[in-house]
Amino acid sequence: MNRTEPASGAGQSRSYYAALLFAGVVALLVPLLLGARQFFQSYFFGWIFWFMLTLGCFGLTLLHHIVRGSWGLVVLRLFEAGNRTLPFMAVLFLPIAATLFLPHPTGAEYWLYEWANPELVTAEADPMLHHKAPYLNPTGWVVRSVIYFALWIAMAAYLNRSSLRQDQTGDIEEQHKRTNFAAPGLVIFIISMTFAVTDWVMSLEPHWFSTIYGFWFLVGGGLFTLAFVSVLTMAWSDRRPFSDVVNPGLMRDLGNLMFVFTMLWAYISLSQFLIIWSANLPEEVVYYQKRLDDNWRFLGAFNVAFQFFVPFLLLLSGRTKRTPRYLLLVASLILLVRLTDMVWIVIPAFHREALNLWTDLAALAGMGALWLAIFSFQLGKYPLLARHEPRPAEGAQEALEHA
Amino acid sequence: MATATHVEAPSGPGLYGMIAEFDDSEALLAAVRRTREEGYRNMDAYTPFPVHGMAEALEFEDNRLPWLIFLGGLGGAAGGYALQYYINVIDLPLNIGGKPLHAWPNFIPATFETTILLASFAAVFGMLFLNGFPRPHHPIFNAKRIELASQDKFFLCVEAGDPRFDARGTRLFLERLPGVRHVSEVEDGDD
Amino acid sequence: MATQITKTNGHGGVPGDGSDGQPERFLEGNHTYQTLGDKIGAIVLTQKPPRVWFIVAALAFLLVNVLLATITYLLFKGVGLWGINVPSGWGMDIINFVWWIGIGHAGTLISAILLLLRQQWRNSINRFAEAMTIFAVVCAGLYPLLHTGRPWLAYWMFPYPNWLALWPQFRSPLIWDVFAVSTYMTVSLLFWFIGMIPDFATLRDRARSRFAQIAYGAVAMGWNGSAKNWHRYETAYLILAGLSTPLVLSVHSIVSFDFAVAVIPGFHATIFPPYFVAGAVFAGFAMVLTLGLPIRHLYNLKDLITARHLDWMAKVMLTTGLIVFYGYLTELFYGWYSANVYEVALVQNRLFGPYKWVYYALLFCNGFVPQILWLQKARYNIAILFTVSMFINVGMWLERYVIIPVSLSRDYLPSSWGYYTPTVFDWSMFIGTMGLFTLLMALFMKFLPAINIFEMKDLLHRMTHSHKNGHGHANGTDGHVTGEPLQSGFLPEGTPSADRNGG
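Residue numbers (the working numbering), protein chains in the order written: chain A, 1 to 403; chain L, 1001 to 1191; chain V, 2001 to 2503.
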């Protein structure tokens, strides 16, 4: 590969983006072949999967501005491009919001959310949904969704702008401003994100709840994003400007972060499962019953093996973290399993008669094409590396060099 | 694998080696590199804190410990799970709360603990074993001022077991190293 | 002359340290390798403890006697002596168990995580925090042991072949707890011990009395500072830190399973494992500050435990406190959202039930008070830090009170509701374990190196080294880690040790 060839899809021709967008839209429409309801389900799945990457980028941006580690600086522009997909993802969210207000589909009582149908929420029909109605109702849901997006877009825009400004002016004050902003920002983000995944994903099964759900998605999104930026930096490790900054220290940091998040993912997934499985309360255990029936249990086992054991053992070895190609492979594996894990979390909520995944995968690919087109366009807008200084760590720099 | 640099000094009275004292770790590090260039192989450095780059300078490598720890963890995991399986499924099958006998999710916490426990044992006792501890009477303690190696001085000891070792020549060589403070002989023997 | 107490400048006393007006360094004053060893070693070897030490130790000893008397009477009469009775079969004994084990989390975690992250600031607090861990786990262990009612049969909880065909039941979280706590105790002891081996050697070589030489020599196990030994030692220590970190998380997670796996509303919540772990770190750091601030003052360790350390600890407390607060809020919200009769009743019970003041006090202590740590001024103010950490100590105790008796006294059947009141023996036992903990800490301060000597030397080395290289590293703004006076200690001629030739 040519070492001087710049990284990223930046500077791609207009027809490249047009083709990507066109392919994306076509793929998104494919599920219509199985009817409108299937279309919305698949669309929702594709959207939430890619949106976790957007949110992961945003969360890690906040984290980076607080701790200012040197690894974060290298991938900051990738995170920031991910942040700038937020408004587009908000637009792509509109069809999902529309399902709350569309007339019922034929042959079913609701599109995605059972609680959106007023007939199903009366005290007689379903006392539980009736109890939740002050929270789970179309108006409240839309208002909250608007608030989440507004908060995130505004916060991300502020941070991105400050970071770009600092590159131009070199003003160190910007950095302190971002740190002071990001610390409470992260608190706001975690709380709003907990409610958002409750509204959007948990309420697909409105009778079920789990208090760890917010953390579960937080860690899943973080792992997804770390794997994604690892794939990009490793794939571009011999192209400018990453060829200058991809060093053993960065690779070890990314490898260790994926390692930590892999363990956190296992920890949270296991905690939730163990508590629900052991208590065996009917209203809770249905969630896992559904996901451990004959159709789904193999996917669950696959996730446990490949989201935990395999990356865990691979990342335990120092060699994986020293070789760009190995790190790339492990990160790609994690990306793949993030996908299967999301399938396992979301799709069983739709109670499908048959296990028809191809429409979901088509929607996923379509949404992916749109997401990546926006991402790579956004990435091309600014220099790929931020130039601000990382937080000086006493002696740590040396420790890294020696180690 | 331990490299061939580690050779037991000949037993009985005689010389264990020649020791040189330095004031700081950089001087010691330079001295170690210089001594290796000179062709000496059997030597060791004695410092009050771990000096980064010293193992590389001595070309000392020992990767057995991480493997020992890994095996310890593996043994702990397999043993811990097998223990629970044997107890709750084979030897004392009781119906508890309608849960299956082989309640694998419930076996995970204790398995995790035994994994960590055995890996930690392997780390600590493996380290002590590979270092040959406890060994309160090492010949190096015969050296003058060696008690300062745990305070603020840095020592390099070229061992008599080295093929190039020769009491006079080695002493002369060490005395000419930059930054050296004292050079003295270290007697062999365990007391 | 073996020892000399260095005069310290206190923080901010070093001219031209390049910091922006704040004390920003993790080692202050004019230290050399020798003075570091002197200062830390002297506490153990020659320094007479301050008078307060004797007062504290005597008081603590008195309380240990209260503990022993309580335990004796308890063994004689049975656990009914405590206020536990149907429906609250768990009371202050389990509250205190969880409280102590939570405190016991900061030590190993601080030490291990910071070692893995290569944070230099750990060096001056890790040893002390690790000791705190072990003593807190000792106190914690007493409670479930005595709670069994027949502690002399406690070995039944371990799997060993026996003619009774008696085996532990691994589908119960209580047996996971036995494994978790005993593993934690063992590994923490190992971690603590191997961290001290090089320092034992330092003390062995500094000691003047024959007894001290033999005693420290025995535990140093022949450590001679060889590069080969250091190499294996560092590998083992680092990997042990890597093993300890998930272990710490697992222990409090498993303690949380004791509750969460059950079906009692208020016990059964999936958020419990991470929320308990965060609470444990929160409580642990609060206790580190509660003990560390007075010790820092009494032993004049301001140049080793700097304001920067305190700032960092305050930030960790703020972060973990926010996670704990998040836990309270999610429990409230999802309690209502669940639409489950019993969960909703639990929320009402906490907010408006007979123990509502405990719950409000908890929200105040753990939720609101720590928010002051957002202010940098508060993080650098010793009095505020100490006050906040005391609030957190109380708050974390209240948290377990809210979880245990408040949930147990009102579960599914209103006909079986009750009200839990601790008895005087609950309190004497609790105060007694505080005495035990304090006595052990006092003895630790007297007989063992409270601060890691060799790592402090390493830190000093890096600080001087990076100065010598003229900021040649990637970060050019590290002016505040170096300082001219530090280098003066590096002079080869006339170092304080020169007259110690031959000892």
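Simulated from the structure, these hints should not be mistaken for laboratory data.
Since this is a predicted model, take the numbers as computed values, not measurements.
Hints may be right or wrong, so weigh each one.
Claimed, not checked - Computed list of lysine-lysine pairs in PhoX-like fashion (alpha-carbon distance at most 25 Å, straight line):
1. V:Lys2302 <-> V:Lys2315
2. V:Lys2048 <-> V:Lys2315
3. L:Lys1144 <-> A:Lys290
4. A:Lys177 <-> A:Lys381
5. V:Lys2302 <-> V:Lys2377
6. A:Lys177 <-> V:Lys2302
7. A:Lys177 <-> V:Lys2377
8. V:Lys2377 <-> V:Lys2315
9. V:Lys2302 <-> V:Lys2048
Cross-check of the supplied hints:
| no. | hint | result |
| --- | --- | --- |
| 1 | V:Lys2302 <-> V:Lys2315 | holds (19 Å) |
| 2 | V:Lys2048 <-> V:Lys2315 | violated (35 Å) |
| 3 | L:Lys1144 <-> A:Lys290 | violated (75 Å) |
| 4 | A:Lys177 <-> A:Lys381 | holds (24 Å) |
| 5 | V:Lys2302 <-> V:Lys2377 | holds (18 Å) |
| 6 | A:Lys177 <-> V:Lys2302 | violated (31 Å) |
| 7 | A:Lys177 <-> V:Lys2377 | holds (17 Å) |
| 8 | V:Lys2377 <-> V:Lys2315 | holds (12 Å) |
| 9 | V:Lys2302 <-> V:Lys2048 | holds (19 Å) |
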